[in-house]
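Starting from the known structure of chain A, arrange chain B on it as the hints suggest.
2 protein chains.
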Amino acid sequence: MLQSKLFTKTRKEAPKDEVALNAQLLIRAGYIHKEMAGVYSFLPLGLRVMNKISNIIRHEMNAIGGQEIFLTVLQDKNLWEKTDRWDDGKVDNWFKTKLKNGTEIGLGSTHEEELTALMRDYIRSWRDLPVYTYQIQTKFRNEARAKSGIMRGREFLMKDLYSFSKDEKSHAEFYEKAKQAYVNIFNRMGIGEKTYITHASGGIFSKYSHEFQTTTSAGEDIIHICEKCHIAVNAEIKGEEIACPICTNKDLKQDKAVEVGNIFNLGTRFSEALDLTYQDENGEKKVVVMGCYGIGLGRVMGTIVEVFADEAGIVWPEEVAPYRVHLVSIGNDKEIVKKYVDQLYSKLLEHNIEVLYDDRDVRPGEKFADSDLIGIPWRIVVSEKLMSEKMIEMKNRKTGEVKKMDEKEMLKCLKI
Amino acid sequence: MLQSKLFTKTRKEAPKDEVALNAQLLIRAGYIHKEMAGVYSFLPLGLRVMNKISNIIRHEMNAIGGQEIFLTVLQDKNLWEKTDRWDDGKVDNWFKTKLKNGTEIGLGSTHEEELTALMRDYIRSWRDLPVYTYQIQTKFRNEARAKSGIMRGREFLMKDLYSFSKDEKSHAEFYEKAKQAYVNIFNRMGIGEKTYITHASGGIFSKYSHEFQTTTSAGEDIIHICEKCHIAVNAEIKGEEIACPICTNKDLKQDKAVEVGNIFNLGTRFSEALDLTYQDENGEKKVVVMGCYGIGLGRVMGTIVEVFADEAGIVWPEEVAPYRVHLVSIGNDKEIVKKYVDQLYSKLLEHNIEVLYDDRDVRPGEKFADSDLIGIPWRIVVSEKLMSEKMIEMKNRKTGEVKKMDEKEMLKCLKI
Numbered sequence: 000m001l002q003s004k005l006f007t008k009t010r011k012e013a014p015k016d017e018v019a020l021n022a023q024l025l026i027r028a029g030y031i032h033k034e035m036a037g038v039y040s041f042l043p044l045g046l047r048v049m050n051k052i053s054n055i056i057r058h059e060m061n062a063i064g065g066q067e068i069f070l071t072v073l074q075d076k077n078l079w080e081k082t083d084r085w086d087d088g089k090v091d092n093w094f095k096t097k098l099k100n101g102t103e104i105g106l107g108s109t110h111e112e113e114l115t116a117l118m119r120d121y122i123r124s125w126r127d128l129p130v131y132t133y134q135i136q137t138k139f140r141n142e143a144r145a146k147s148g149i150m151r152g153r154e155f156l157m158k159d160l161y162s163f164s165k166d167e168k169s170h171a172e173f174y175e176k177a178k179q180a181y182v183n184i185f186n187r188m189g190i191g192e193k194t195y196i197t198h199a200s201g202g203i204f205s206k207y208s209h210e211f212q213t214t215t216s217a218g219e220d221i222i223h224i225c226e227k228c229h230i231a232v233n234a235e236i237k238g239e240e241i242a243c244p245i246c247t248n249k250d251l252k253q254d255k256a257v258e259v260g261n262i263f264n265l266g267t268r269f270s271e272a273l274d275l276t277y278q279d280e281n282g283e284k285k286v287v288v289m290g291c292y293g294i295g296l297g298r299v300m301g302t303i304v305e306v307f308a309d310e311a312g313i314v315w316p317e318e319v320a321p322y323r324v325h326l327v328s329i330g331n332d333k334e335i336v337k338k339y340v341d342q343l344y345s346k347l348l349e350h351n352i353e354v355l356y357d358d359r360d361v362r363p364g365e366k367f368a369d370s371d372l373i374g375i376p377w378r379i380v381v382s383e384k385l386m387s388e389k390m391i392e393m394k395n396r397k398t399g400e401v402k403k404m405d406e407k408e409m410l411k412c413l414k415i
Numbered sequence: 000m001l002q003s004k005l006f007t008k009t010r011k012e013a014p015k016d017e018v019a020l021n022a023q024l025l026i027r028a029g030y031i032h033k034e035m036a037g038v039y040s041f042l043p044l045g046l047r048v049m050n051k052i053s054n055i056i057r058h059e060m061n062a063i064g065g066q067e068i069f070l071t072v073l074q075d076k077n078l079w080e081k082t083d084r085w086d087d088g089k090v091d092n093w094f095k096t097k098l099k100n101g102t103e104i105g106l107g108s109t110h111e112e113e114l115t116a117l118m119r120d121y122i123r124s125w126r127d128l129p130v131y132t133y134q135i136q137t138k139f140r141n142e143a144r145a146k147s148g149i150m151r152g153r154e155f156l157m158k159d160l161y162s163f164s165k166d167e168k169s170h171a172e173f174y175e176k177a178k179q180a181y182v183n184i185f186n187r188m189g190i191g192e193k194t195y196i197t198h199a200s201g202g203i204f205s206k207y208s209h210e211f212q213t214t215t216s217a218g219e220d221i222i223h224i225c226e227k228c229h230i231a232v233n234a235e236i237k238g239e240e241i242a243c244p245i246c247t248n249k250d251l252k253q254d255k256a257v258e259v260g261n262i263f264n265l266g267t268r269f270s271e272a273l274d275l276t277y278q279d280e281n282g283e284k285k286v287v288v289m290g291c292y293g294i295g296l297g298r299v300m301g302t303i304v305e306v307f308a309d310e311a312g313i314v315w316p317e318e319v320a321p322y323r324v325h326l327v328s329i330g331n332d333k334e335i336v337k338k339y340v341d342q343l344y345s346k347l348l349e350h351n352i353e354v355l356y357d358d359r360d361v362r363p364g365e366k367f368a369d370s371d372l373i374g375i376p377w378r379i380v381v382s383e384k385l386m387s388e389k390m391i392e393m394k395n396r397k398t399g400e401v402k403k404m405d406e407k408e409m410l411k412c413l414k415i
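Sequence order for the protein chains is A and B.
Numbering that gives the first Met the number 0 applies: residue 0 is where the first sequence begins, and numbers increase by one.
Numbering that gives the first Met the number 0 applies: residue 0 is where the second sequence begins, and numbers increase by one.
In isolation and in its complexed conformation, chain A is listed as follows (with noise of 0.2 Å):
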């Protein structure tokens, strides 16, 4: 991509209503755009950023057998009434609106009522189980406070896969699978090693659910962390005293974290109230056991930020960065230098590297503030100087090393 023919550009100051860092950065360097308070546009660079963690996610849930959907937004009454969560009084976050001839509606926030009551239509015997669906698709919350950036909005995108299982046993051996696809998600993400499995309070069916904590200071949890077990208790769990479910240890280390996934025994909660039930091997009528496992795609994106953002803006890891490659050209107003830089760009498009390309015709000051806030993995910049040594610039903005190299040691740096 041309920087010259991208619409978005870098901006100095972020609106002064938003108070969160991931937003900041993310709308002064043009990822997005705000709305309102919770609610916020994607622009071309942060729809490909969007695009990297869904395809991850999306690989991911292929790989344990789930089979992609895409549910409604809009929501029919009866069936939430049927759950006991329609009423306000239940579910304080809900957005209401009517159909014309006044049938109350609602916009999903979550979507186990629809899918088990659509899932009536596919599972009635005991060869129909177990199914795994997900879908990536927008929810939406009447958030009281949306002060989080992306990272608590009022719509944001979400992946929620949810589990049909004939019984509690099978359940539990597509949760750990589930449980080992979300550590592979957030690794490959590049959040792994600050990504905790949490033990979190688990409601009606279990002890525990599991949450994906990671660590950073803009977190609105506290979990306790057993740094040998890489793994952690939420705090919110009461009643009993904190130590490591593995080891035991109650020697952990309180910090700040953000949940950017969790996954839930679900039991028969929704099968029962929404009557979906299979004949088993003996004729027999059973209830489906379900589970359910998200990730919001925006909070992940805005942990991102958070969490390796330094002083000049945004380091992406380079699996969910908008482009690989940043290449930056100083005096491309010279014939030469543009030539130069014209055919490296080719070269690198030829080899598959997502590149963006900074062709424009402004100081080189800005063009490397610019590249430092957009927080592209690797800067590469060609000047008339450089060439005349056959060299280019190469800055890693992870660790700030910035070395010169010939092309061919270029193209060994990006492992081509």
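Think of the hints as simulated: they come from the structure by calculation, not from any bench.
Hints should not be assumed to be uniformly reliable.
You can't tell identical chains apart in this list, so a pair holds if it fits in one copy or across any two.
[As the list claims (entries may be wrong)] Pairs of lysine-lysine, BS3-like flavour, derived with a Cα cap of 27 Å:
{"#": "1", "residue 1": "K337", "residue 2": "K95"}
{"#": "2", "residue 1": "K284", "residue 2": "K407"}
{"#": "3", "residue 1": "K81", "residue 2": "K97"}
{"#": "4", "residue 1": "K178", "residue 2": "K193"}
{"#": "5", "residue 1": "K206", "residue 2": "K403"}
{"#": "6", "residue 1": "K249", "residue 2": "K285"}
{"#": "7", "residue 1": "K397", "residue 2": "K193"}
{"#": "8", "residue 1": "K99", "residue 2": "K146"}
{"#": "9", "residue 1": "K402", "residue 2": "K414"}
{"#": "10", "residue 1": "K138", "residue 2": "K97"}
{"#": "11", "residue 1": "K15", "residue 2": "K97"}
{"#": "12", "residue 1": "K89", "residue 2": "K176"}
These numbers come from a predicted model, not from an experiment.
Same frame as chain A, but now just chain B:
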């Protein structure tokens, strides 16, 4: 994909309240699920078709310089008041809801307001123009009636591109490019022959706007076609004698059609109301000239079903089919058959052919009926008898032609 793993199943009957042929077939074949009138979920097969359609559109939009973004559903009332489109008396298909603090917000049915306001951050000078941005995103329209299946939904996926140009001349040049991109899109989707650029009323800024109308008995519009010029006029244009805008022929053929796409000159309607201006080459303040270019993805999918379906079910054109090949195994319970079909399945996958493999243990008649209903372009049948002849049987869903051939000829048929 193994059909035994696909959670959807075909159904003999669609829901009784479903009157549209497209939705009846898509529900029966397991592509979509009806949540309420005009609100449909997309199941694995349906989502695959939607992704095929999206990718064709994306490719053509990128080719004319479109930059993909993702705007929000939730809409700020203040913006819509400025363009006088908030009042239910003016725009009668709003879904509206409220924030916790009582602030009224809307659910976007289109995005001129939000995007025009957003562009004020990025368009300042003539150097910043033109800009072309598009999104593929869920839209909401509170239709009084919704009886056309996925051809007219209350919630639906839409591609909308918006162009921002410095003057009418520059706008007109892009408008022509977009028109050609639309022609490419409908050609690639297999409905090019039945789709006519149709002159419709233009509103304030132009004599005409342009619709893309596909002829089908399910259409809600009447168009007058000049077959010679492959062009049409919408019957809605009043007060003038209907004639071909190219050859002036007045002997036009009347037909029912559905609007699968439209392109509009918006002039300065939105940029003036929302103050989207720029400094021209002489330092003078000018108002940006806009256009918008829409395609309803569900509408296209529904139209394709309506246009090609026969008595046995859906007939997908190759480029939008969920899979290219439906591999149907007869006698999969026999080891020798299973082994061979498994190998054939792997071979097709190695050649990057998308295959749905019917490995289910059901009667051949049921498999064939399901295959016709689902409508995948090529059906390949393997049975013990065919194996003894070293043959497979290949059916072209569109022509109905069934032919015995060996593996080599089969690969040739699939252009491998």
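Subject >> Violated constraints from the hint list, given by number and in increasing order >> reply: Violated: hints 1, 2, 5, 6, 12.
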